[in-house]
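Participant: Sequence:
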Amino acid sequence: MYTESVLFAFGLTAFAGLSTGIGSALAFFAKRTNPRFLSLSLGFSAGVMIYVSFMEIMVKAKDALQTDMGEVAGTWASVIAFFGGIALIALIDKLVPSYENPHEMHRIEDMNPESLEKNDGLDSEHGKRKLFRMGTMAALAIGIHNFPEGLATFTAALSDPSLGIAIAVAIAIHNIPEGIAVSVPIYYATGDKKKAFIYSFLSGLAEPIGAMVGYLLLMPFMSDTVFGIIFAGVAGIMVFISLDELLPAAEEYGEHHLSIYGLVSGMAVMALSLLLFL
Numbered sequence: 001m002y003t004e005s006v007l008f009a010f011g012l013t014a015f016a017g018l019s020t021g022i023g024s025a026l027a028f029f030a031k032r033t034n035p036r037f038l039s040l041s042l043g044f045s046a047g048v049m050i051y052v053s054f055m056e057i058m059v060k061a062k063d064a065l066q067t068d069m070g071e072v073a074g075t076w077a078s079v080i081a082f083f084g085g086i087a088l089i090a091l092i093d094k095l096v097p098s099y100e101n102p103h104e105m106h107r108i109e110d111m112n113p114e115s116l117e118k119n120d121g122l123d124s125e126h127g128k129r130k131l132f133r134m135g136t137m138a139a140l141a142i143g144i145h146n147f148p149e150g151l152a153t154f155t156a157a158l159s160d161p162s163l164g165i166a167i168a169v170a171i172a173i174h175n176i177p178e179g180i181a182v183s184v185p186i187y188y189a190t191g192d193k194k195k196a197f198i199y200s201f202l203s204g205l206a207e208p209i210g211a212m213v214g215y216l217l218l219m220p221f222m223s224d225t226v227f228g229i230i231f232a233g234v235a236g237i238m239v240f241i242s243l244d245e246l247l248p249a250a251e252e253y254g255e256h257h258l259s260i261y262g263l264v265s266g267m268a269v270m271a272l273s274l275l276l277f278l
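Note that the sequence shown covers residues 1 to 278 in the UniProt record's numbering.
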């Protein structure tokens, strides 16, 4: 039974990470970006992450830490671990140069050959190398970002499958635009859709790898204290991702109210799903 739970959690993590391939496929087959849909979807994903972080994950983290450490010390530990998660993901973000950050959103129609030729000299070898480097560095940046996200999805799914599903779907939505950021420049640099798709797909592998590394390193030492610290850190990571990446990205697509409607809808759907599992 425990093995089945681990496999289920790992499968959810792989689904969330490899959804970068969906973004890659959309970039090749969609002629235009649907900003309303993306704004709503990214807002929805942020709503799910923020609600579940504060209303479910932090509660479980604090309960676990209080069981081992007592009420006062456990509460302090949960708060410190929460901001520790924020500090970790903020540091990762700081180490990724902004011009190579996959969270700089683009529209599909702005990344056509004519546009890229005008801006990057696509007709020259230098321009092609520049585009290829942009795509590969974006893939590397996504891999770095996805590593802690994989641990977050895996830990949540192992603790509560319904919670893991919700987080996996939210992270999958947020990984789709990242797939576009990797595949489009590589495609226009090489002319090879297959290569562009593979790079995009592989960048998502960091998520299940993060889950596996976390499992192998932490599970032998798992206790209420370790679980509580990880869970509180996961909550911090997801809140930071929502506020620093998802909501600004939704705003960049120019649909302010839709991003907020998506945010509230994500919270409402997550609240309802948690109530149904009581």
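Honestly, the hints are just simulated from the structure, not real lab data. Errors might be hidden in some of the hints.
Stated by the list, open to error - Simulated DEER-style distance windows between Cβ atoms:
#: 1; residue 1: I80; residue 2: L218; range: 14 to 20 angstroms
#: 2; residue 1: L91; residue 2: T190; range: 30 to 36 angstroms
#: 3; residue 1: D224; residue 2: G11; range: 57 to 63 angstroms
#: 4; residue 1: E251; residue 2: A271; range: 19 to 25 angstroms
#: 5; residue 1: Y261; residue 2: V213; range: 20 to 26 angstroms
#: 6; residue 1: S162; residue 2: G191; range: 41 to 47 angstroms
#: 7; residue 1: A90; residue 2: L276; range: 45 to 51 angstroms
Unchecked claim - With a Cα cut of at most 20 angstroms, we get these calculated EDC-like pairs of lysine to aspartate or glutamate:
#: 8; residue 1: K94; residue 2: D224
#: 9; residue 1: K60; residue 2: D224
#: 10; residue 1: K60; residue 2: E71
#: 11; residue 1: K60; residue 2: D192
Beta carbons are placed, not taken as given, at the ideal position from N, Cα and C, and that holds for glycine.
Participant: Let me make sure I understand: some of the numbered hints might not hold for this structure. Which ones are they, in numerical order?
Facilitator: 3, 5, 7, 8, 11
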